[in-house]
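Number of protein chains: 2
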Amino acid sequence: MDLESVRDSLIRQEDTIVFSLIERAKFPINSWAYSPPQNGVDAFSASSFLHSFVRESEALHAKAGRYENPEENPFFPDDLPPSMVPTHDYKQVLHPAGSSINVNKTIWDIYLNKLLPLFAAEGDDGNYGLTAACDLACLQAISRRIHYGKFVAEVKFKEAPEEYGPAIRDQDREGLMKMLTFEAVEEMVKKRVEKKAVVFGQEVSLSDDSKGKETYKVDPSVVSRLYEEWVMPLTKQVQVEYLLRRLD
Amino acid sequence: MDLESVRDSLIRQEDTIVFSLIERAKFPINSWAYSPPQNGVDAFSASSFLHSFVRESEALHAKAGRYENPEENPFFPDDLPPSMVPTHDYKQVLHPAGSSINVNKTIWDIYLNKLLPLFAAEGDDGNYGLTAACDLACLQAISRRIHYGKFVAEVKFKEAPEEYGPAIRDQDREGLMKMLTFEAVEEMVKKRVEKKAVVFGQEVSLSDDSKGKETYKVDPSVVSRLYEEWVMPLTKQVQVEYLLRRLD
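Protein sequences appear in the order of chains U and B.
Numbering-wise (full-length UniProt numbering), the first sequence opens with residue 1 and increments by one.
Numbering-wise (full-length UniProt numbering), the second sequence opens with residue 1 and increments by one.
Looking at chain U on its own, in the form it has when it is part of the complex:
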C-alpha cells in the first residue's frame, strides 16, 4: 500500500458515493423512517426504523465477515455477532490503535439531519424498506471513505515519520491538521466529485439533443458541498486521531 494505491481507492470510492446518492434520490424523504415511534417508551422502541434496519443489517453483515476488513467500520459496533466465513488474511497495515477510531455517530447525524434534506424530495411514498436499504448504502459508502483516512495517515506517516514525529509527541492536533491540509488538492477533489455527479446523474439518451442534459438526479453542488463540509474535514479528523495514537 502506497500513496498511489490509496489515492486510487479514494477516487474509486467517490463513484460509489455518487451512485448511492443517486439511488437514494429515487425516493422522497420518507421522514417516518427516521422518527422515534410516537408511543415509544423504552430504549429500543424510542429508536427509529432506520436505526433498527441498520443495526440488523450490520449484524447480518458481521456474520458475513464484513467487519473483518479493516476498511469497514460499523455504526453499531456493540454486540455484533462473530464472522461465520473463512478467515481472510487481511494485510495488517494499520497500527492496532487505529481500530478504536470510529466517527460514525457524527456521520449518521450529518447524513440524516444535514445531507438528506439537501437532495431528497419532500414527501412520503411508503417505501420505507427500500429507502432504508438506500440509506444504508449511502452511510456505508461515506463511512468507508472517511475512515479510509486511517490508511491515508499511515501511508503519509510511513513516508515521512520524522516530519510527523514531533507533532505526535507533542499531541499537537492543530499542528497535525495543518500538516494534513492541502487546499489546492481539496479544491480539485471538490471539482471532481461535482463533475462525477454531472456525468453519473445525467439522463443518458441515444439522441444528441440537449433535453434533460441540464437536470441531474442529484444536484452536483450538493455532492461538492458534502465533500467540502463533511467528507474532507472528517477524513482529516480521522487522520489526526490516528496519528495521535501512531507512536503508542
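Bear in mind the hints are in silico, worked out from the structure with no lab data behind them.
This one's a predicted model, so the numbers in the text were calculated from it and none came from an experiment.
Treat the hints with caution; some may be incorrect.
[Stated by the list, open to error] Chain U residues, not near chain B, derived (Cβ > 10 Å throughout):
no., residue
1, D15
2, E72
3, D89
4, S99
5, W108
6, K114
7, R173
8, T181
9, A184
10, V204
11, E229
12, K236
[Stated by the list, open to error] Partner residues are not named here, just some residues of chain B that face chain U (Cβ under 10 Å, in silico):
no., residue
13, S5
14, I11
15, S20
16, A33
17, F49
18, H51
19, F53
20, N69
21, E72
22, H88
23, D89
24, D125
25, Y128
[Unchecked claim] Straight line, CA to CA, 27 Å or less: simulated BS3-like cross-link-like pairs of lysine-lysine:
no., chain 1, residue 1, chain 2, residue 2
26, B, K191, U, K195
27, B, K26, U, K63
28, B, K158, B, K236
Quick reminder that beta carbons are idealized off the backbone N, C-alpha and C, glycines included.
Got chain U; can you put chain B on it based on the hints?
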C-alpha cells in the same frame, strides 16, 4: 400509470442495473461464496453462502415492508416474516393473478452462472460479505426490471384489450410473444444500456486527456448482452405469463 410512466421507470431502472454491476466489478469473482460447503450434509448447509445471505437479507427486508410493494419479488418467498412498518396503500394496478408470477429462480441461475463470469475478474480477495451485498443489489435490480413486465403487460392490455383478448382466450403463448416483440425498440434499448455502461463506467477526471477514457469498469458489450439475451426475453416471458392470466 400509463405507457409513458412505465417507460420512464424502465429507463431509470437501467441506471440502477448499470450502477450495481459497476459496484460488483470492484471485487473478483470470489467463487467460495457460491459453492456449497464441502462438508455440507443437510439441506441448509448444502446451500451456498450467497443463498443464506440473500435469504436472511430478504427476511429483514420483508419486515421492513419491501415486498408490500408489488414491484418487488423475493428470491426466497417461503416463510418470509410479515411487514412491521405502517401499511402503505399501494395502487392495485395489477390483476391479482400477477402476484403468482416469479421468475427469480431463472434470474438467480443466469446471474451466477452466465452473467457474473462475464464481468467479474478471476480471483479471491476474501471479501465475501461485501461481495454478497453487491450481488444482492444486482439481483434485486435485475429482478425488479424483469418483473416490471407485469406492469408493462397490464398497461398494454388496458390500452387495447380487444387486441390481446383472442390470443389470451386461446392461451396462445407464441401469438402473444409476437405481439409483444418490437425489434427496433429492443435494438434501441440495447444501444442505450451499452451507452450507459460507457458513461457511468468511465474514469471521470478533471483533465481532458484521453487517459482511461477507453477502459470501462464493466465491459459495455456485456451490459448490452445482458439485455439482449436475458433481461428483454425474460421481461417478455413475464408479460406473456401475466396476459395468459389476465382474464381469469
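Hints versus structure:
1. D15: Non-interface label fails for D15 (chain U): nearest chain B Cβ at 7 Å, not farther than 10 Å.
2. E72: Given a closest Cβ separation of 8 Å, the condition is violated.
3. D89: 7 Å, violated
4. S99: Correct as stated: the minimum Cβ-Cβ distance to chain B is 18 Å, above 10 Å.
5. W108: Non-interface label on W108 (chain U) holds, nearest chain B Cβ at 18 Å vs cutoff 10 Å.
6. K114: At roughly 24 Å from the nearest Cβ of chain B, K114 (chain U) sits farther out than 10 Å, so the non-interface label holds.
7. R173: R173 (chain U) clear of chain B: closest Cβ-Cβ about 31 Å, beyond 10 Å.
8. T181: Consistent with the label, T181 (chain U) stays out of reach of chain B, its closest Cβ about 20 Å off (over 10 Å).
9. A184: Per Cβ check, A184 (chain U) is outside 10 Å of chain B; nearest 12 Å; holds.
10. V204: Non-interface label fails for V204 (chain U): nearest chain B Cβ at 5 Å, not farther than 10 Å.
11. E229: 20 Å, holds
12. K236: Non-interface label stands for K236 (chain U): nearest chain B Cβ at 21 Å, farther than 10 Å.
13. S5: 14 Å, violated
14. I11: Nearest chain U Cβ about 8 Å off; hint holds.
15. S20: Interface hint status for S20 (chain B): holds (9 Å vs cutoff 10 Å).
16. A33: 8 Å, holds
17. F49: 7 Å, holds
18. H51: The hint is violated - H51 (chain B) has no Cβ within 10 Å of chain U, the shortest such distance being about 12 Å.
19. F53: 6 Å, holds
20. N69: Since chain U brings a Cβ to about 6 Å from N69 (chain B), closer than 10 Å, the hint holds.
21. E72: Given a least distance of 8 Å, the restraint on E72 (chain B) holds.
22. H88: OK, holds: H88 (chain B) within 10 Å of chain U, min 2 Å.
23. D89: Cβ of D89 (chain B) sits 7 Å from chain U, so the hint holds.
24. D125: 7 Å, holds
25. Y128: 5 Å, holds
26. B:K191 <-> U:K195: 24 Å, holds
27. B:K26 <-> U:K63: Within the cut-off at roughly 21 Å; holds.
28. B:K158 <-> B:K236: 17 Å, holds
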